[in-house]
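Participant: Here are the chains, one letter per residue:
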Amino acid sequence: DVKVTQSSRYLVKRTGEKVFLECVQDMDHENMFWYRQDPGLGLRLIYFSYDVKMKEKGDIPEGYSVSREKKERFSLILESASTNQTSMYLCASSFSGARANEQFFGPGTRLTVL
Amino acid sequence: AQKITQTQPGMFVQEKEAVTLDCTYDTSDPSYGLFWYKQPSSGEMIFLIYQGSYDQQNATEGRYSLNFQKARKSANLVISASQLGDSAMYFCAMRETQGAQKLVFGQGTRLTINP
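Residue numbers (this note's numbering), protein chains in the order written: chain V, 1 to 114; chain W, 1 to 115.
Just so you know, these hints were derived from the structure itself, not from any lab.
In this text, all values refer to a predicted model and were calculated from it rather than measured experimentally.
Just so you know, not all the hints are guaranteed correct.
Partial chain V-side listing against chain W, Cβ under 7 Å, derived [claimed, not checked]: (1) GLY40; (2) GLY42; (3) PRO61; (4) GLU102; (5) GLN103; (6) GLY108.
One-sided excerpt, in silico: chain V residues whose CB lies under 10 Å from chain W [stated by the list, open to error]: (7) LYS18; (8) ASP59; (9) GLY63; (10) SER94; (11) SER96; (12) GLY97.
Backbone N, C-alpha and C fix where the C-beta goes; we use that ideal spot for every residue, glycine too.
Extracted from the complex, chain V is given alone in its bound form (with noise of 0.2 Å):
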């Protein structure tokens, strides 16, 4: 079975604080993704990565930076926390090129800003 697993299901940090969310994956698969889930609005990209140390930005980066040094590992930084970051992450991971089909996603991290 595909797993992807988050490091924290509930986090609570405070406004500037430097907050790391960390996605693993154990499939081998080369893409791995960061998503925000807010009411109304869907899942929105933050950024992706299709290889180890490549990265692209998505659709709202504004305020995260992303780090994957390792093929199944890709963390999400929030380098100085605020409240308008408040929301759910999910992180997906898929295999790429003429392999890619659905993502597999992880549980989700609900993270509150003070």
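Could you slot chain W onto chain V? The hints should help.
Facilitator: Leaving out everything else, chain W in the frame of chain V:
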């Protein structure tokens, strides 16, 4: 640019009835894939069904089927014989075949099945 529209924020259906969740899309890419995901209250995203733009037949997976009308750019999800456990958020998504293969999601529809 790709766009997915789900016009039903919420739907209420009696148990055992069939339900159709609407999804329309917009893309200039001739090759693309359409997905439906289910998100129960626990939060995880569960893949339900996939339709490729060149697939000749509508996709089916158990009680789920995708009513794909390419000319109308619609990809509605049909759930037959609904069950209480079908109560969840449902998201339609699209992926272009070329490039980074990222998903673009609709706003979601909250489905509630009444006993």
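Participant: For every hint, state whether the structure bears it out.
Facilitator: Now the hints, each set against the structure:
1. With a least beta-carbon distance of about 6 Å to chain W, the hint placing V:GLY40 at the interface is held under the 7 Å criterion.
2. Evaluation of the V:GLY42 hint against chain W yields a held restraint, the C-beta minimum of about 4 Å falling below 7 Å.
3. Annotation: V:PRO61 was flagged as interfacial toward chain W, and the flag is violated, the nearest CB pair being 13 Å apart, outside 7 Å.
4. For the restraint placing V:GLU102 at the interface with chain W, the shortest Cβ-Cβ distance is roughly 4 Å, inside the 7 Å limit, so the hint holds.
5. Of the supplied interface hints, the one on V:GLN103 holds, with its beta-carbon coming within about 6 Å of a beta-carbon of chain W, less than 7 Å.
6. The beta carbon of V:GLY108 comes within 4 Å of a beta carbon in chain W, closer than 7 Å, and the hint placing it at the interface holds.
7. Proximity of V:LYS18 to chain W is violated relative to the hint, the smallest CB-CB distance being about 24 Å (cut-off 10 Å).
8. Because the smallest distance between the Cβ of V:ASP59 and any Cβ of chain W comes to about 8 Å, under 10 Å, the interface hint for this residue holds.
9. Hint on V:GLY63 is violated. Least Cβ distance to chain W is approximately 19 Å, over the 10 Å limit.
10. Residue-level restraint check for V:SER94 holds (minimum Cβ-Cβ distance to chain W is 7 Å; threshold 10 Å).
11. Satisfaction of the interface hint for V:SER96 is found here, the shortest Cβ-Cβ separation to chain W being roughly 6 Å, below the 10 Å cut-off.
12. Hint on V:GLY97 holds. Least Cβ distance to chain W is approximately 8 Å, under the 10 Å limit.
Hints 3, 7, 9, counting from the list given before, are not met by this structure.
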